[in-house]
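Those sequence lines, one after another, are chains L and C.
Count the first sequence with the numbering used here and you get residues 185 to 460, in order.
Count the second sequence with the numbering used here and you get residues 30 to 300, in order.
You may find that some hints are simply not true.
Said to hold, decoys possible - So the derived label-pair ranges between C-beta atoms look like this:
{"no.": "1", "chain 1": "L", "residue 1": "374", "chain 2": "C", "residue 2": "293", "range": "48 to 54 Å"}
{"no.": "2", "chain 1": "C", "residue 1": "122", "chain 2": "L", "residue 2": "203", "range": "56 to 62 Å"}
{"no.": "3", "chain 1": "L", "residue 1": "325", "chain 2": "C", "residue 2": "274", "range": "45 to 51 Å"}
{"no.": "4", "chain 1": "L", "residue 1": "203", "chain 2": "C", "residue 2": "126", "range": "43 to 49 Å"}
{"no.": "5", "chain 1": "L", "residue 1": "273", "chain 2": "C", "residue 2": "286", "range": "42 to 48 Å"}
Source of the hints: derived by calculation from the structure; they are not laboratory data.
Think of the CB as a built atom: it goes at the ideal place given N, C-alpha and C, for glycine as much as any other residue.
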Amino acid sequence: MEGAVIAEPAKAAIAPSTRPLIRVKAIAKTYQNGTLALSDVDLAVRDGEFLSLLGPSGCGKSTLLRMIAGLGAPTSGIIDWPQANYDVRGEPDRHLGFVFQEPTLMPWATVFDNVAMPLTLTGMRRSELTGRVDEAIAMVGLEKFAKHYPRELSGGMKMRVSIARALVVRPRVLLMDEPFAALDEITRFKLNNDLLTLWQTQRWTVIFVTHSVYESVYLSNRIAVMSARPGRILTELKIDAPYPRTEAFRTSTVYNEFCRVTSAELKRAMPAGEDH
Amino acid sequence: MSVTGVTGDSPSRAWRIVIPILLGILFLGLWEFLVRWLQIPKFVLPPPSMIVDALTEDYGTLIASLWNTLKITGMAFVVAVVLGVTGAILFTQSRLFEMSLFPYAVVLQVTPIVSIAPFILIWVGLDHIERALLILATIVAFFPILSNTTLGMKSVDHNLLNLFDLYHASRWQRLRYLQLPSAMPYLLGGMKISGGLALIGAVVAEFVAGSGTGTGLAWRIIESSNRLNIPRMFAALVLLSVLGVMIFFGLSALETMLLRKWHESAVGREN
């Protein structure tokens, strides 16, 4: 199975679209306190893929994700959206949904109003957005909880609301910043499966930040392994296993082999002598 | 039927009302008894029964005074809320505003109202005493609203701010959908403090305004004191306390009503 896992320093020629959806070119980021968080990051994100950014804590993977979302600019380098239209301010039409590590819900608003917020902010009236909000809530299976307040929901359900809020804009790209890190394992597995099912039907591009080898292998087409600070992309691994992936995949030898290889790469990403 | 809770150490709802009332009755009874037994003169300490008499005898005057005090207090409170919230909005929209104005808000807050009162009374109060009282009560009530609301608006979850940036929310949308709702619990807390302060401000201002000008409860107290009508003094005092308590409970009820659905402070624990 070794042959299935290929590091690909060179650009793989994958048709049909030769232009990537997002191109990250020679990005560096220095924080205000002078810390060099990212240096020399190159990454091409392809249309429709499930890409994980895997790395030790503090490697700048969340920072990279936020910059892709347009939250904060890189210190040097550019992030280019070759397929998007740019507006007068030079902002690409990213068409994205973002899921934070915390559910980040407004406690004073119901599930419906939380999910509706991105549409409300575009100036849509309530009568116009109801259908789309209900649809997004149904996607994550929370139809019965639309009128509930966040405090009445479990951690997993709150995260589902957060995902529904990202989906309500019908995104082309879904950016997820360690969305399931704070959840228990049973809930996480369930959400992993539900996310994969949704991804296969909706076909958005996903960039998924995680520090879990097992999660990244289970979910992704491709894993970009990042090194510790200053963060850079050390290697890219292709996880060449067919979808739909189910719980059976989790126990397969193929899965284990992918995990072993990925772990070895992640180990190389750690600074010498340090054990995170 | 047991009236105490399951745990035994937390009194049930009924007891929480009954016990303070019983204690009050006991206290008043003791007061009545001691005053009569020790034959304390009524201009030093009248018994509760005599205060009740004063309340019923001077009902008309006292209620009119109560109404005047309530009017000043209410208006001052509303003006304080409007100014305080407006100030907080300006402060959070512009750092420059906050930097330049906040110190003066603090100066106004820490300067004792009694020492500002004579100025306001001279400038405004000679012709319109009520306006002077209103201004003074507003000054006292304004600050908690301003500082609490400002704090609340700054306590917005940073990731929610990021989310709003992500969807290109305008300043107005951020204010309307994020900052103001976040500040709500803080504003309501500030209102509970300010309600009481507005009353104190109204009373203190009237005290300073002094003879002949007042029509509120504070003036009734001064007037009764001058005439050594101590029972009526107490009667006016009782009305002031009742007013203060009503303001507090009214605002607490408003707080519970608005926050009941989502804020920890107003939500009952489930265990």
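Exercise. Range hint 56 to 62 Å: satisfied by the CB atoms of residue 122 of chain C and residue 203 of chain L?
Worked result: violated (42 Å)
Problem set entry | Verdict for residue 273 of chain L, residue 286 of chain C (Cβ pair) under range 42 to 48 Å | holds (43 Å)
For this session: Kindly confirm whether 48 to 54 Å is satisfied by the beta carbon distance between residue 374 of chain L and residue 293 of chain C.
Result: Once the Cβ atoms are compared, 28 Å apart, the range 48 to 54 Å for residue 293 of chain C and residue 374 of chain L is violated.
For this session: Mind checking the hinted window 43 to 49 Å against the Cβ distance between residue 203 of chain L and residue 126 of chain C?
Result: holds (47 Å)
Exercise. CB of residue 325 of chain L to CB of residue 274 of chain C, is that within 45 to 51 Å?
Worked result: holds (49 Å)
Hint compliance for this structure: hints 1, 2 are not met, and every other hint is.
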